[in-house]
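Colleague: Each of the two chains sits in its own frame; use the hints to bring them together as a complex.
Chains U and X, in that order, give the protein sequences.
Per the working numbering, the first sequence runs over residues 1 to 298.
Per the working numbering, the second sequence runs over residues 1 to 334.
Calculated from the structure, these hints are not laboratory results.
Mixed in with the good hints there might be a few duds.
[As the list claims (entries may be wrong)] Far from chain U by the CB rule (all over 12 angstroms, computed), these chain X residues:
id, residue
1, R78
2, G111
3, N117
4, L121
5, A125
6, T153
7, T155
8, F187
9, T206
10, T224
11, V248
12, P252
13, S254
14, L296
[Claimed, not checked] Below, a list of computed lysine to any residue pairs in the SDA-like style, where the Cα atoms sit at most 20 angstroms apart:
id, chain 1, residue 1, chain 2, residue 2
15, X, K70, U, R241
16, X, K220, U, M218
17, X, K70, U, A292
18, X, K334, U, L164
19, X, K200, X, P252
20, X, K334, U, F243
21, X, K334, U, Y186
22, X, K220, U, R267
23, X, K220, X, D238
24, X, K334, U, M218
25, X, K334, U, V283
26, X, K334, U, V246
27, X, K73, X, D331
28, X, K334, U, A24
29, X, K334, X, P74
30, X, K334, U, R267
31, X, K220, X, F180
32, X, K73, X, K334
33, X, K334, U, P33
34, X, K73, U, N197
The C-beta atom is built at its ideal place from N, Cα and C for all residues, glycine as well.
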Amino acid sequence: MRSVALLGILAASTAAADDRQPDATLGHIFRGPFGSSRLFSMPTADVIGAYIISISGDGSLLQDPGRLTSAAVIAIGFGDLAQLEYRETAAISVTGVDAPVPAAGVQLKLPLPEGAYVPALGVALRVGVARREQFAATSVDESVHDFYAVSRERLGALVLHGGLRISSAHIVLGGDRMFSLQRTLYLPTAGAEIVMNREARLVGEATAAPEFHWRGAMVPGAPEDPTIGYGLLARLGVRWRLFPSVTLDATLGYQLAESPAQGDGPRDVVSAWDIRLGAEVFVPWGALACRAAGAFCD
Amino acid sequence: MKRVLIVTSASVTLVAIAAPRAQPGPEEPGAPAATAGSGSDLDSGSAAGSGSGSAAPANPYVDVPVEPPKPVKPPRMRDPRINMPEVLTTPTGWLLPAAVLYSRTALDTGGGLSSDNRVGLGDVAEFGIATTDRVRARAVPGAQTDQIEPYVTATFRMGVAESRLFPQQPGLVLGFVKSFERNHDGFMTRIAELTVVQSKHIGARTAIHLGAAFWDASLKGATTDTSLHDRATHTIGDQIRAFGGLEVHPLPRSEILIDLGWSPEFCYGCAGRDQIQLRPQLSWGVRYEVADWMHLESGVRIPDIGAANLLDAQIFGQVTFTSWALRHAVDDLK
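Next up, chain X with everything else stripped away, as it sits in the complex (with noise of 0.2 angstroms):
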């Protein structure tokens, strides 16, 4: 009897706590409203009818609608790091990513503004709108040069990414800017560039740029039309240029960076080939990458290094925004 007693003491206990385990509790999905108008009809009216005030009991047999719970999206990965399509002023054989966005302005001592704004196609490609302060006028021989501000430009770039056929392969691309018509003192001018370029990851710290480039400008003014593709005034050397530079990132960070490339420079007063000519023009500076979005580039510009003209030197600074909002939209959009 005893025995009896001790088995249905124990059986009555774990009931006791088994039984309210049984129901979900209130912050368990499923659970049934604590407040009376809540839950089911049937249970607003238990309550009602209670005449008690406090919430009824939960009828196990109703159906309570469930809310799926939300797919959880995946955390995305960290976008990776951006190779520019420019070392300060001269193009890389990298391309921007598909969809990616990249925005640069740039001020410098001389006065000059300059814009470029582009957008990377499928991996393979890229297009842009600028305004460049690159292109000089000089009345007459002599004659202080000034920049033709703004020049607008559109560029295409197409190639292929480094390493992308073979391990050791540079980035190549073949790029093509040209410019809008701009009419500057009665004369008008345009310009035109084909480029290409090759960009090699040396180690981990270096990258080296080289290319080559075929120029073409025109000058129309009252009595004069001509072009650098003239061949009565230019040779085919006038139009081609060899063109580089140099990256190298000494801290995480930081880049000191490098580069000598071309610009053109019309004389409106001068005949045969001084109207139109190339001028070198070198370029050194910083990156600093102060957000994966945003990077600050200052350095030294000397528009005509040939002349060995330190007074012309300008000092730049200027700010890249790049942006993966929108590959980020077209990947959810897909």
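Just chain U, with the same shape it has in the complex (with noise of 0.2 angstroms):
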């Protein structure tokens, strides 16, 4: 039932993606060209494209020392304007981390023609797995509901992005305690994006995230009731084009907390400052399909 359903979807891929030849050679098939739907956490207004698969992860062993914080998202292109994907969206923990929230949802590109000073526009929405963390006898589930618009504006080599993020965060304790509260958030993202290269683009990203509080997640015992609000999440790096299927990302991350507990601000840079290290995969595997089966061919 599950591979019919998959089936299904991926036989309502309504446009062709190129080089879906019985005959055409591996290399072919890799060489491209794909496009990305993200910056970095920040989604764009384009999708990755039909028969194409894109896999994400980054992370970095500094924010939280001694613990693997990570990212991943995997996005499936359905058709040429709108992707499903999995992914987990940023928000800050009751632990202070940027402790992503999984999320799965569907990103669609509004078909309307492109043209100069025309920005490309796209939304997003993404339906939030609850996330749980246990302290002592209490639990604390985390999760994050979002619906996102965002444009794109291309000026040479440089390219705006633009966007706002309407978050629905959900808490909610249990165990030895029982509690639960929810807030939605309106929060703005920015980004931009300098072609240096071929194959460079230096990338900047500042976005709004939930930040979820709870005292007794550092201090055992304590009585406060949780509480949402949201913190500032920017990132600085390169997206550097290894192979036309493969992306590398490094990134200077910093993490501005609302909570005064949860960091001293711009100047606590051993605790607000990281180096994240990722890549972005993408398979074409309409192309693969038609090759390796006769399946999907153009």
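Modeller: In structure tokens form, the structure reads like this:
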């Protein structure tokens, strides 16, 4: 049943991808071009395209010493205007770490004609999956549902991105303590790319992200109830297309937490700044299936 | 009649001369093999049938498979000279080219061993992992400082190459160095450094580097929990420092280097500002280019020039390897 549903999803991909020919060589298939649908953590008004899967991940050992903080996105092109995705969306957990919260969703590129000074527009909807942390006998479930509206404008070598993230953030305490809180947040996001050469772009992004506070996570037995606020996550780095189907990401990241207890602002370099490394790999599954089994050919 | 004979004999002579040249020579492409069995079946049959044991004459009407000549790879251009990402201890405003590997190992008379390994990313950034011996600690005020090593750090630098935007533009790099947490004598320490540095060639033989650093460090122990950004103890001026360096090429393969940088010093038994301090560090030395891929460096480093304690000076030697092999492999795969 699951495979039938998957085939239905795949067959529903309406737009044709290039080079889905039975005699295409692997070199030809992986030559691309491939387009990303994100900056670092911020989605853009683009989609990866039909018959393509994008797998992304990044991580840092520096942010929380001794623990890898990581994020990942798996997206599958659904026609030329949409993609389905599973991602760990950005949020700051009760422990103060930029701990991604799992979410599944769809991202759409609005089919508007592009022209000079006419930005591309996209929307994304993500349904969050609760992420559970355990503190002694108390469990904490955090989840975030998002609606994104983003735009993109190309100005020569400079590409500007802007958008608004409307987040519904939930925190639920369980176990020896019962509590539930939901808050809707309107969070601006912005980003910019500078095309430095054929293969590398300098990218900067600043996004506001939901931030969960609960003193009990740091001080066992603290009587305060959890709250939900927002923090700023900013990243500046390079996206380097090592091969057409492989892009490496390296960034300098900054996290400004709303709570004074979780960092001391920009001057707190040892806690609020980190280095993250990641990669995005594009798999043209349609062209590979055509070459291997004659399926999904153009 | 005599004229006819002359013409006829001349024609025969010409044909006799021309006939052997009509067949390709044995060394020429497409020449039939000289030994029986290595030619076509038809040729082999003829040879067997003759009973003479000699090679059969080539049949010019039989297609002999000819391997197409392999495409000749154009010779690779000589790799350009690499501007080093560090003078001796301070960063420069130059970045490694894309996919170029850099490895430096240093040893000093203080027993310090350090290593720095980096890779260039897309001609606009570089990432590295290093162990440094520059972080020092003392147990109580006035005690001898010890190097904390290995002190593992990660480095990320990004920027714009020299003369990339306009002709006289200096190389400009934003760098970030952050350490993993280090446990030493029961105290947990971390350091981090944000830098902005610019580098400029002045003429063909000189380059100057100037930069500013924003430092941070934290120290946690049994009864201690402090940091350089703690405003109850330190001012913002305690975090900001200027650094710089100078390179001179008096000879084509040799450079004279001098730089002034800073390094953190922890004092476990001190109080207030003395718990974490930045010490000025002066280094000078030479770099010799043994080969395109190998440089030797040697010089003197004074860990705390502010104290003018020359007895604390260290003589160091280091070897730096650079490699374009990964770049070439990536280019070939493309």
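Colleague: Could you run down the list of hints and mark each one as holding or not?
Modeller: Here is how each hint holds up against the structure:
Every Cβ of chain U is farther than 12 angstroms from the Cβ of R78 of chain X; the closest lies at roughly 21 angstroms, confirming the non-interface assignment. Non-interface status of G111 of chain X relative to chain U is upheld: no Cβ of that chain comes within 12 angstroms, the nearest being about 27 angstroms off. Non-interface status of N117 of chain X relative to chain U is upheld: no Cβ of that chain comes within 12 angstroms, the nearest being about 14 angstroms off. Taking the minimum C-beta to C-beta distance to chain U, about 5 angstroms, the non-interface status of L121 of chain X is violated against the 12 angstroms cut.
With a least beta-carbon separation of about 4 angstroms from chain U, A125 of chain X fails to lie farther than 12 angstroms from that chain, contradicting its non-interface assignment. At roughly 9 angstroms, the least C-beta separation between T153 of chain X and chain U is not larger than 12 angstroms, which violates its mark as non-interface. At the 12 angstroms boundary, the C-beta of T155 of chain X falls inside the reach of chain U, the nearest C-beta of that chain being 8 angstroms off. Its beta-carbon lying about 14 angstroms from the closest one in chain U, F187 of chain X satisfies the requirement of being farther than 12 angstroms from that chain.
Once the 12 angstroms rule is applied to beta carbons, T206 of chain X is consistent with being away from chain U; the minimum gap is 27 angstroms. The beta carbon of T224 of chain X sits about 15 angstroms from the closest Cβ of chain U, which is more than 12 angstroms, so the claim that it is off the interface holds. Every beta carbon of chain U lies more than 12 angstroms from that of V248 of chain X, the smallest distance being close to 30 angstroms; the non-interface claim holds. Every CB of chain U lies more than 12 angstroms from the CB of P252 of chain X, the least distance being 30 angstroms, so the non-interface label holds.
The claim that S254 of chain X is not at the interface with chain U holds, since no C-beta of that chain comes within 12 angstroms of its own (minimum 32 angstroms). Every Cβ of chain U is farther than 12 angstroms from the Cβ of L296 of chain X; the closest lies at roughly 30 angstroms, confirming the non-interface assignment. Straight-line distance between C-alpha atoms of K70 of chain X and R241 of chain U comes to about 30 angstroms, which puts the hinted pair past the 20 angstroms bound. Taken as a hint, the K220 of chain X and M218 of chain U pair is honoured in the structure, with Cα atoms around 17 angstroms apart against an allowance of 20 angstroms.
Between K70 of chain X and A292 of chain U, the direct Cα distance comes to roughly 29 angstroms. Violation of the 20 angstroms bound is thereby established for this hinted pair. Among the hinted pairs, K334 of chain X with L164 of chain U is inconsistent with the structure: their alpha-carbon atoms are about 38 angstroms apart, more than 20 angstroms. Between K200 of chain X and P252 of chain X, the direct Cα distance comes to roughly 18 angstroms. Compliance with the 20 angstroms bound is thereby established for this hinted pair. A hinted pair counts as satisfied when its Cα atoms are at most 20 angstroms apart, and K334 of chain X with F243 of chain U qualifies at roughly 7 angstroms.
Using a Cα cut-off of 20 angstroms, the hinted pair K334 of chain X and Y186 of chain U is violated, with the two alpha carbons roughly 44 angstroms apart. Restraint check: the Cα-Cα separation between K220 of chain X and R267 of chain U comes to about 18 angstroms, which is no more than 20 angstroms; the hinted pair holds. Of the pairs offered as hints, the one joining K220 of chain X and D238 of chain X holds, with about 19 angstroms between alpha carbons and a cut-off of 20 angstroms not exceeded. Restraint check for K334 of chain X and M218 of chain U: not satisfied, since their Cα atoms lie roughly 50 angstroms apart, outside the 20 angstroms limit.
Distance check on the hinted pair: K334 of chain X and V283 of chain U sit about 16 angstroms apart at the alpha-carbon level, within 20 angstroms; holds. Between K334 of chain X and V246 of chain U the CA atoms are separated by roughly 11 angstroms; this keeps the pair inside 20 angstroms, and the hint holds. Under the criterion of a C-alpha separation no larger than 20 angstroms, the hint pairing K73 of chain X with D331 of chain X is consistent with the structure, at around 13 angstroms. Using a Cα cut-off of 20 angstroms, the hinted pair K334 of chain X and A24 of chain U holds, with the two alpha carbons roughly 17 angstroms apart.
Proximity of K334 of chain X to P74 of chain X is assessed by CA-CA distance (about 16 angstroms); at most 20 angstroms being required, the pair is judged to hold. At roughly 43 angstroms between alpha-carbon atoms, K334 of chain X and R267 of chain U are farther apart than 20 angstroms, so this suggested pair is violated. A hinted pair counts as satisfied when its Cα atoms are at most 20 angstroms apart, and K220 of chain X with F180 of chain X qualifies at roughly 14 angstroms. Our distance criterion of 20 angstroms between C-alpha atoms is met by K73 of chain X and K334 of chain X, whose separation comes to about 15 angstroms.
Straight-line distance between C-alpha atoms of K334 of chain X and P33 of chain U comes to about 13 angstroms, which keeps the hinted pair within the 20 angstroms bound. A distance of roughly 26 angstroms separates the Cα atoms of K73 of chain X and N197 of chain U; the hinted pair therefore is violated under the 20 angstroms criterion.
This entry does not satisfy hints 4, 5, 6, 7, 15, 17, 18, 21, 24, 30 and 34, going by the numbered hints stated previously.
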